[in-house]
Amino acid sequence: MSKNTEGWGSRVGLILAMAGNAVGLGNFLRFPVQAVQNGGGTFIIPYLVSFLLMGIPLLWVEWAMGRYGGRYGDHSTPFILDNITKKRLWKYFGVFGIFTNLGVMAYYTYIESWTLTYTIKSLKGDFLGMPIDEVGAFFDRYVDLGSAINVPVWALIAFTVTLSLNVYVLSKGLSGGVEKVAKVAMPLLILFGAFLAVMAISLGDTGRCLDCDSHLGLNFLWEPQLDSLTNPKVWLAAAGQIFFTLSVGMGTIQCYSSYLKQKDDIALNAMSAGWMNGFVEIVLGASVVIPIAVGYLGLDWVKENAGFMMAFKTMPFLFDQFGSVVAVLGGVAWFGLLFIAGITSSLAMGTPWMGFVKDEFNWGRKKAALLLGVIIFFLALPTIFFFGKGVFDEYDYWTGTVSLVVFALAEVILFAWVFGMDKGWKEITDGADIQVPRFYRPVIKYVTPLFILIIFSSSLFKPLNGELDDWGDAFSHWTGSSTEQFYFDRGSGQWLKIRIDSDELLQWGGAAAGWQGTGRRMSELEDQGSGRLLDGSGSEIIQRSGWPWANDAIINQIFHINSGVQWYANGKPTNMLFIDLSRFLLIGVFVGIAFMVKVASNRRKKMLHS
Amino acid sequence: MSTSALLLMVIVQGSVAAATIYFFLKVLKSPVRHADKESSNHEDRAE
Numbered sequence: 000m001s002k003n004t005e006g007w008g009s010r011v012g013l014i015l016a017m018a019g020n021a022v023g024l025g026n027f028l029r030f031p032v033q034a035v036q037n038g039g040g041t042f043i044i045p046y047l048v049s050f051l052l053m054g055i056p057l058l059w060v061e062w063a064m065g066r067y068g069g070r071y072g073d074h075s076t077p078f079i080l081d082n083i084t085k086k087r088l089w090k091y092f093g094v095f096g097i098f099t100n101l102g103v104m105a106y107y108t109y110i111e112s113w114t115l116t117y118t119i120k121s122l123k124g125d126f127l128g129m130p131i132d133e134v135g136a137f138f139d140r141y142v143d144l145g146s147a148i149n150v151p152v153w154a155l156i157a158f159t160v161t162l163s164l165n166v167y168v169l170s171k172g173l174s175g176g177v178e179k180v181a182k183v184a185m186p187l188l189i190l191f192g193a194f195l196a197v198m199a200i201s202l203g204d205t206g207r208c209l210d211c212d213s214h215l216g217l218n219f220l221w222e223p224q225l226d227s228l229t230n231p232k233v234w235l236a237a238a239g240q241i242f243f244t245l246s247v248g249m250g251t252i253q254c255y256s257s258y259l260k261q262k263d264d265i266a267l268n269a270m271s272a273g274w275m276n277g278f279v280e281i282v283l284g285a286s287v288v289i290p291i292a293v294g295y296l297g298l299d300w301v302k303e304n305a306g307f308m309m310a311f312k313t314m315p316f317l318f319d320q321f322g323s324v325v326a327v328l329g330g331v332a333w334f335g336l337l338f339i340a341g342i343t344s345s346l347a348m349g350t351p352w353m354g355f356v357k358d359e360f361n362w363g364r365k366k367a368a369l370l371l372g373v374i375i376f377f378l379a380l381p382t383i384f385f386f387g388k389g390v391f392d393e394y395d396y397w398t399g400t401v402s403l404v405v406f407a408l409a410e411v412i413l414f415a416w417v418f419g420m421d422k423g424w425k426e427i428t429d430g431a432d433i434q435v436p437r438f439y440r441p442v443i444k445y446v447t448p449l450f451i452l453i454i455f456s457s458s459l460f461k462p463l464n465g466e467l468d469d470w471g472d473a474f475s476h477w478t479g480s481s482t483e484q485f486y487f488d489r490g491s492g493q494w495l496k497i498r499i500d501s502d503e504l505l506q507w508g509g510a511a512a513g514w515q516g517t518g519r520r521m522s523e524l525e526d527q528g529s530g531r532l533l534d535g536s537g538s539e540i541i542q543r544s545g546w547p548w549a550n551d552a553i554i555n556q557i558f559h560i561n562s563g564v565q566w567y568a569n570g571k572p573t574n575m576l577f578i579d580l581s582r583f584l585l586i587g588v589f590v591g592i593a594f595m596v597k598v599a600s601n602r603r604k605k606m607l608h609s
Numbered sequence: 000m001s002t003s004a005l006l007l008m009v010i011v012q013g014s015v016a017a018a019t020i021y022f023f024l025k026v027l028k029s030p031v032r033h034a035d036k037e038s039s040n041h042e043d044r045a046e
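One line per chain: the protein sequences are A and B, in this order. Each residue of the first sequence is one higher than the one before, counting from 0 in numbering that gives the first Met the number 0. Each residue of the second sequence is one higher than the one before, counting from 0 in numbering that gives the first Met the number 0.
One should not assume that every hint holds.
For lysine-lysine, the following BS3-like pairs were computed, each having C-alpha atoms within a straight-line distance of at most 25 angstroms [said to hold, decoys possible]:
hint, chain 1, residue 1, chain 2, residue 2
1, B, K28, A, K171
2, A, K120, B, K28
3, A, K366, A, K86
4, A, K262, B, K25
5, A, K597, A, K571
6, A, K444, B, K28
7, A, K365, B, K25
8, A, K86, A, K365
9, B, K28, A, K182
10, A, K365, A, K182
11, A, K366, A, K171
12, A, K604, A, K86
13, B, K25, A, K182
14, B, K28, A, K302
Hints are computed from structural coordinates only; laboratory data are not their basis. Keep in mind that this is a model prediction, so the values were computed, not measured.
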């Protein structure tokens with residue numbers, strides 16, 4: 000049916016491209032931050048368990064699905080899923096495998112363009128001697144953060160250049176473009192990462208502050224805190240990290256592996272690519288940002304400020320502390336590394352679209368790549384112009400977080416329960432160059448779907464704070480038999496959990512102005528005149544029944560339960576308006592792809608009957 | 000660094016590095032087993 004004759008040039012090329020797909024900015028920025036926020040060294044234990052029980056099974060499932068689809072000439076998830084079961088609705092689940100990639104590629108290429116700009120600026124020595132505040136301010140100016148509508152001219156130019164580079168490589172095909180890039184980029188990435196890790200480890204005590212010692216940072220990352228092993232929040236964070244780091248649930252793995260031959264190994268290939276990603280994350284990713292930041296800014300600063308934006312707002316300042324030569328080398332290595340990690344992932348995100356339109360509409364590579372570039376350009380514009388309104392984060396939340404989990408859950412159920420484990424296991428083990436432990440058969444059927452289901456449901460209905468006892472307390476509160484007290488802050492539009500011990504008030508969660516996380520007396524919050532409870536900014540805190548939604552619970556995000564729908568305030572559009580408009584846009588993209596799938600399906604039927 | 004942190008770091012990073020090298024070497028050493036024309040699709044489509 001398909002005239003798509005793409006293919007991989009070599010097995011090593013495939014593995015490097017697959018590892019490049021998985022290795023992204025998150026390996027260097029998300030993983031260490033997650034580890035810091037979830038028990039330091041102990042985080043690694045649930046992380047590795049999640050890798051073994053969810054990551055590896057999902058990798059095998061996706062590789063197997065891809066190779067199976069490729070056998071029938073299909074290289075994108077809608078029709079790969081359609082091949083696995085002829086129940087027609089499943090192919091619309093496959094839409095996620097294209098939609099997610101387009102949505103993520105839009106904002107991801109924008110970040111990628113920042114790294115390109117910062118690499119060039121580091122090379123020119125533009126950050127030398129710049130104080131930390133000025134480095135942060137430079138970023139804000141670069142994305143034009145202060146304006147009502149962000150029109151960052153240079154950032155737009157850099158984005159267009161980066162996107163064009165992606166389009167050019169994709170137009171060269173798999174073996175002639177993506178694979179060639181991966182073969183050069185991945186070794187270079189490891190080299191840069193190793194250089195930075197050596198810089199961090201050899202830094203030691205800088206004497207800048209009492210706890211300014213890179214070894215303290217490593218110690219914090221690796222010190223086992225065994226009590227956090229019993230905390231489900233840590234487990235969920237670790238499982239979530241495995242999801243994002245392996246790029247499962249996106250449809251890119253299926254797409255890449257669909258170009259394999261029928262008797263090619265997938266079991267060993269998947270293990271090799273998966274562990275390579277683990278190496279970059281655990282060995283290199285954990286050894287760069289946190290130790291260097293602790294070395295110059297101290298452990299307390301890092302605990303309070305660790306986050307994604309450290310890469311751009313802090314790292315140039317930190318490299319500068321090494322002296323001008325090392326600062327330039329470190330800056331180029333760091334941002335070059337991020338650029339490589341970014342482009343190898345964004346190229347992977349482009350391939351499902353390429354495979355889809357080539358298979359179904361017989362488009363040539365250049366036409367497919369060019370149209371992809373146009374779509375991504377326009378899809379990215381809202382994230383650029385309304386960066387300060389939260390549109391960027393909204394794309395990330397729906398396409399880069401929620402969609403992955405939904406699709407991964409659907410595909411593993413389809414594979415293990417609809418396709419069936421007998422056939423599924425045969426697909427995984429056919430042509431395998433390693434012995435796949437039979438232990439994984441029940442794991443794929445029961446444990447992995449359950450794992451994902453727990454992650455999904457806990458994100459869907461997450462109560463305030465999301466700790467284990469919060470679920471119980473929230474349930475008691477919801478049913479009206481509450482012993483714990485959930486209050487609602489009208490001013491900030493969020494729940495607060497308040498525990499009162501002999502007039503001593505302990506509060507955590509929420510962000511009511513002025514009393515976050517501190518033990519305060521109830522009487523201090525009472526307005527003496529009215530007896531009402533007021534937060535630090537004078538907003539009223541009320542008792543309210545119902546489920547105490549966490550602000551980032553999916554249901555709360557969809558319906559704006561906590562904050563209420565408010566598109567205009569004082570006659571001006573609120574951030575919520577821009578956020579909701581971006582949601583409609585994303586829904587439009589999803590529906591558009593689903594429509595293309597429908598058209599393609601009809602074309603197939605016609606061809607079959609003619 | 001404390002001994003327990005150092006120990007955990009060395010064990011975990013060492014194991015992950017060893018697994019990565021092991022599987023990658025296995026890939027390099029595995030024989031290329033097929034040359035069937037039927038399923039060969041290494042040639043890119045002409046524009």
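Comparing the hints with the structure gives:
1. B:K28 / A:K171: violated (29 angstroms)
2. A:K120 / B:K28: violated (42 angstroms)
3. A:K366 / A:K86: violated (32 angstroms)
4. A:K262 / B:K25: holds (17 angstroms)
5. A:K597 / A:K571: With Cα atoms ~40 angstroms apart, A:K597 and A:K571 exceed 25 angstroms; violated.
6. A:K444 / B:K28: violated (32 angstroms)
7. A:K365 / B:K25: At roughly 36 angstroms apart (the allowed maximum being 25 angstroms), B:K25 and A:K365 break the hint.
8. A:K86 / A:K365: Roughly 33 angstroms between the alpha carbons, so the hint for A:K86 and A:K365 is violated.
9. B:K28 / A:K182: With a Cα-Cα distance of about 18 angstroms, the restraint between B:K28 and A:K182 holds, given a limit of 25 angstroms.
10. A:K365 / A:K182: Given pair A:K365, A:K182 holds - Cα atoms ~22 angstroms apart, limit 25 angstroms.
11. A:K366 / A:K171: Holds: A:K366 and A:K171 sit about 11 angstroms apart, inside 25 angstroms.
12. A:K604 / A:K86: holds (14 angstroms)
13. B:K25 / A:K182: holds (18 angstroms)
14. B:K28 / A:K302: violated (45 angstroms)
Checked against the numbered hints above, the structure violates hints 1, 2, 3, 5, 6, 7, 8, 14; every other hint is satisfied.
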